[in-house]
Structure formats: C-alpha cells, structure tokens
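Sequence lines, in order, name chains A and B.
Numbering-wise, the first sequence is residues 636 to 843 according to the numbering used here.
Numbering-wise, the second sequence is residues 636 to 843 according to the numbering used here.
Rather than coming from a laboratory, the hints here were simulated on the basis of the structure.
Every value quoted in this text rests on a predicted model; they were computed, and no experiment measured them.
Keep in mind that a hint or two might mislead.
Copies of the same chain look alike in the list, so a pair counts if it fits in one copy or across any two.
Below, computed lysine to any residue pairings styled on SDA-like, alpha-carbon distance capped at 25 Å [said to hold, decoys possible]: (1) Lys731 with Lys788; (2) Lys793 with Arg835; (3) Lys789 with Glu839; (4) Lys789 with Arg823; (5) Lys789 with Arg826; (6) Lys781 with Glu833; (7) Lys781 with Arg751; (8) Lys731 with Gly811; (9) Lys781 with Arg746; (10) Lys661 with Ala719; (11) Lys793 with Glu833; (12) Lys731 with Arg826; (13) Lys836 with Asp798; (14) Lys793 with Asp830; (15) Lys788 with Lys836; (16) Lys793 with Gln782; (17) Lys729 with Asp807; (18) Lys729 with Lys836; (19) Lys821 with Tyr688; (20) Lys821 with Gln658; (21) Lys731 with Arg823.
Residue strings, one per chain:
Protein chains: 2
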Amino acid sequence: MAQKGLPIIISAPSGAGKTTLCQALKKRLPDLNFSVSHTTRPPRENEQDGVDYHFITKKKFMEMTDRDEFLEWAQIHGNYYGTARKNITDTLQKGKDLVLELDIQGVETLRNLKYRGVYIFILPPSMEELEKRLTGRGTESDNQIKQRLEAGKKEMAKSRLYDYAVTNTNVDESVGTMLAIIHAEKKRMSRYQPDCPEIRKIIESGTA
Amino acid sequence: MAQKGLPIIISAPSGAGKTTLCQALKKRLPDLNFSVSHTTRPPRENEQDGVDYHFITKKKFMEMTDRDEFLEWAQIHGNYYGTARKNITDTLQKGKDLVLELDIQGVETLRNLKYRGVYIFILPPSMEELEKRLTGRGTESDNQIKQRLEAGKKEMAKSRLYDYAVTNTNVDESVGTMLAIIHAEKKRMSRYQPDCPEIRKIIESGTA
Numbered sequence: 636m637a638q639k640g641l642p643i644i645i646s647a648p649s650g651a652g653k654t655t656l657c658q659a660l661k662k663r664l665p666d667l668n669f670s671v672s673h674t675t676r677p678p679r680e681n682e683q684d685g686v687d688y689h690f691i692t693k694k695k696f697m698e699m700t701d702r703d704e705f706l707e708w709a710q711i712h713g714n715y716y717g718t719a720r721k722n723i724t725d726t727l728q729k730g731k732d733l734v735l736e737l738d739i740q741g742v743e744t745l746r747n748l749k750y751r752g753v754y755i756f757i758l759p760p761s762m763e764e765l766e767k768r769l770t771g772r773g774t775e776s777d778n779q780i781k782q783r784l785e786a787g788k789k790e791m792a793k794s795r796l797y798d799y800a801v802t803n804t805n806v807d808e809s810v811g812t813m814l815a816i817i818h819a820e821k822k823r824m825s826r827y828q829p830d831c832p833e834i835r836k837i838i839e840s841g842t843a
Numbered sequence: 636m637a638q639k640g641l642p643i644i645i646s647a648p649s650g651a652g653k654t655t656l657c658q659a660l661k662k663r664l665p666d667l668n669f670s671v672s673h674t675t676r677p678p679r680e681n682e683q684d685g686v687d688y689h690f691i692t693k694k695k696f697m698e699m700t701d702r703d704e705f706l707e708w709a710q711i712h713g714n715y716y717g718t719a720r721k722n723i724t725d726t727l728q729k730g731k732d733l734v735l736e737l738d739i740q741g742v743e744t745l746r747n748l749k750y751r752g753v754y755i756f757i758l759p760p761s762m763e764e765l766e767k768r769l770t771g772r773g774t775e776s777d778n779q780i781k782q783r784l785e786a787g788k789k790e791m792a793k794s795r796l797y798d799y800a801v802t803n804t805n806v807d808e809s810v811g812t813m814l815a816i817i818h819a820e821k822k823r824m825s826r827y828q829p830d831c832p833e834i835r836k837i838i839e840s841g842t843a
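Next comes chain A alone, as it looks inside the complex (with noise of 0.2 Å):
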C-alpha cells in the first residue's frame, strides 16, 4: 500500500516572507507539489493561469461553491479565492506531497474540517521588521501598510492553530526548518508504513 502524500499547510501575516520561503522551498524540493488557487481577482502582471492561480469569472466560481467544489473558499478585498477539492486529492492520492498556501481563513476552515496535515505559520522575527519589509516593497500606501500590520497582528493571535513556529529571520535557515518539519512529519509514526511486512504485521498486531 502507497503511502498517502503529505498536505503542507503554509500561511503568514503580509510581509513575513511566505511567496519567497515558498519559491525557495520550491528550488529545494522539485517534487513538492503546490496547490494553484482559484480565484476571480484579475491576473497581475506576470501571473500566469494556471501557475500562478486559475483565473476565472465570478460566475464559474459560484457555480462551483454550488457543486461543493472547494475544500475553503473565501471573499477578499472583494475577490473570491479558492481551493478545489479535485486537484488535491488527486495529488494526494498518488502519494506526493503537496503544500497549500492560505490565509488565515483558510486555515480556520480547514482546522474547523480537522483536516490532516502540517500546518505551519511564518512569522517575521519583529513588528518592526514585518513594517520594514511592507514599507520596502513599494506597492502599498501607508494606509494600506497600517491595515496589513493590523491583520497581521490578528492573524498572529491565532498562531495557536499551527503546528510549527517558522520565524523568519534568513530565508536560508527559514527554508532549513522548512524542510526539517517535511522531514519529520513524514516519519511520524502514524504515517509509518514498513517495506518488510513481517515488521509490518508486528506492528499492526501491537496494541500499545
């Protein structure tokens, strides 16, 4: 029997360094699968369908909240955003691993599901640091940069619905735990399955 592929929860305040932790995970692990969203909020520039997230029309996505086709969605800023079930059971199915990136919501969701997997939140070492890296993007108004900070401070409050505390000082040491937790977790003894099947009926007789 094939072991299952392991689903990677992955989510983080704005500007704690997850698109890039996750690029470089990426780099690391060419096998590793990453879930595509759903979404209706217009590709930006370089975004690619179907890479970066499918694109589609508001239309197609109710049609498939109607069908029960995700396993969370939620509406942002006025987009809807999505993950369809299909896709990553499938992936999961033939024993890869995959790692979805949410937020806060769709953490909440899948936890309130008690959907298995790794959950882990990237966290930036300060709040100084987290305004440091929001500011030097460039891309939002300091308005905009005080509301992120306030959502990541809420999304922080919730920091108990991980499993692991990645706090992200250096992408390299960060990208290290990364791959230490992926390790491990595919070492746990409940997902043990042994090659040798006499070590495999020991253990399926044991009642400990």
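With chain A's structure known, arrange chain B on it following the hints.
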C-alpha cells in the same frame, strides 16, 4: 524566559543500531547532552564510569529507589538500571536538549507518567537484517540471538508508544532523519518563544 531543553527519548530493538546512531548524532550535535544511566551491572571492557554508566552497588541503587530519585528504573537480566531524575531536570532547566536512551520498559514508564518529550523508535529495515546484525556482532549465542529477536518483535508491537519511526537502513540517512526531527520539534508552536516582546504579547493574548 529561557526555553526549556527538549527531552529526546530514543529506543530500539536490540541490533537495530541505537548505539551507533546515538554516537553519530553526538558527533553531528556536539552540544547535545546524553543522559548517563545508573546501573548495578559490572562495567564491560572499555566502559567508563560516569561516561557510559554510573556504576553503583545494588545497595546504593536501592537507597536511590527508596528516595524516589529515579524517573524510571527496571531490573533487566538480574541487573538494575535507572535514570536519575536530578541530572535530567538540571540539564533541561538550563535550556539544554537531552537524549535519553531507554529500553521499552523505560519508555512505557515515561508514557504512563505522561512525560513530555520526543519519542523516537529506531527500527531495522527487516527481520532478516536484524538477525544478520545480531549474528554479525559475534557476541551472542544462537539461543541469545533467538531471544533477542523475540524480544525485538514484542518491542516493535509497541511501536505506537513513539512519535517517530526511523528505519535504520543507512546510518547517515538515519542520523539525518534524527537531526530533522530534533530541528523540527524545536519549532513546534507549543514550544514557540518569540524574541520580540510585542509578538510574544500578541500570541499570548490569542485564544485560537
């Protein structure tokens, strides 16, 4: 507030390679502490008092059990073995991680005490390989090997006592897994102590 050290409980059926792996782990993590057990069995050649074991008399051992100085102790093959509470607590209080190499009885005792730590079980890749390794040692009779194999099966039937399963096919790979487990476990949200006071306050205020 300094983070308390992590207790790492390592156990294995005889012949799975626990001693080799722990020695290799020590080399990779020179700052990692290893608990030194007390025993009433006489030292073997090359064994050093205070390094391999604290070699003590049966009288002394019994006095220590009377004073409840052991976290766990057991009689095995007519000799007594115990883990002194004090050394462990002192090391962990200093924020240092500590490896406890225990037999199955010790692990069962700690689990019954709901002792918090990371429980790692080292398994052989197959029963054939386990027998080969026990035979290869050249230190046990055929009958002793048979006994150890049977004991090993009983221990493996209690695999569910552990958090992690490390199949020891290759020493380097197994040590890599143990390093990843230790690295990851230190990033558990339940052990997260942010350096930034503001972030600490936000997280502590959280209810999620």
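Taking the hints in turn, this is what the structure says about them:
Neither within a single protomer nor between protomers do Lys731 and Lys788 lie at most 25 Å apart by alpha-carbon distance, with minima of 34 Å and 31 Å respectively. In this assembly of identical chains, the alpha carbons of Lys793 and Arg835 lie at most 25 Å apart only when taken from different copies (12 Å versus 39 Å within one copy). With identical chains, the CA atoms of Lys789 and Glu839 are at most 25 Å apart between copies only, with a shortest distance of 12 Å across copies and 44 Å within one. For the identical chains of this complex, Lys789 and Arg823 are inter-copy neighbours only, at 20 Å across copies versus 31 Å inside a copy, given an alpha-carbon limit of 25 Å.
Taking the closest pair of Cα atoms, Lys789 and Arg826 come within 25 Å of each other only across two copies (20 Å); inside a single copy the shortest separation is 33 Å, beyond that limit. Proximity of Lys781 and Glu833 under a CA criterion of 25 Å is satisfied inter-copy only: 16 Å between copies versus 60 Å inside one chain copy. Taking identical chains as interchangeable, the C-alpha atoms of Lys781 and Arg751 are never at most 25 Å apart, the minima being 34 Å within one chain and 41 Å between chains. Taking CA atoms no more than 25 Å apart as the test, Lys731 paired with Gly811 passes in both settings, with 20 Å inside one copy and 21 Å between copies.
Proximity of Lys781 to Arg746 under the C-alpha cut-off of 25 Å is found in neither arrangement, the shortest distances being 28 Å within a copy and 48 Å between copies. Taking identical chains as interchangeable, the C-alpha atoms of Lys661 and Ala719 lie at most 25 Å apart only when both belong to the same chain, with a minimum of 21 Å there against 46 Å between chains. When the C-alpha separation of Lys793 and Glu833 is checked against a cutoff of 25 Å, the pair qualifies only between copies, where the shortest distance is 15 Å, while the shortest distance within a copy is 44 Å. When the C-alpha separation of Lys731 and Arg826 is checked against a cutoff of 25 Å, the pair qualifies only within one copy, where the shortest distance is 14 Å, while the shortest distance between copies is 29 Å.
When the C-alpha separation of Lys836 and Asp798 is checked against a cutoff of 25 Å, the pair qualifies only between copies, where the shortest distance is 19 Å, while the shortest distance within a copy is 31 Å. Taking identical chains as interchangeable, the C-alpha atoms of Lys793 and Asp830 lie at most 25 Å apart only when they sit on different chains, with a minimum of 18 Å there against 39 Å within one chain. In this assembly of identical chains, Lys788 and Lys836 lie within 25 Å of each other by CA distance solely across copies; the values are 10 Å between and 49 Å within a copy. Taking the closest pair of Cα atoms, Lys793 and Gln782 come within 25 Å of each other only inside a single copy of the chain (17 Å); across copies the shortest separation is 52 Å, beyond that limit.
For a Cα distance limit of 25 Å, the shortest separation of Lys729 from Asp807 qualifies neither inside one copy, at 29 Å, nor across copies, at 28 Å. Taking the closest pair of Cα atoms, Lys729 and Lys836 come within 25 Å of each other only inside a single copy of the chain (24 Å); across copies the shortest separation is 42 Å, beyond that limit. Neither within a single protomer nor between protomers do Lys821 and Tyr688 lie at most 25 Å apart by alpha-carbon distance, with minima of 28 Å and 34 Å respectively. Taking the closest pair of Cα atoms, Lys821 and Gln658 come within 25 Å of each other both inside a single copy (21 Å) and across two copies (24 Å).
In this homomeric assembly, Lys731 and Arg823 come within 25 Å of each other (Cα to Cα) both inside a single copy, at 16 Å, and across copies, at 24 Å.
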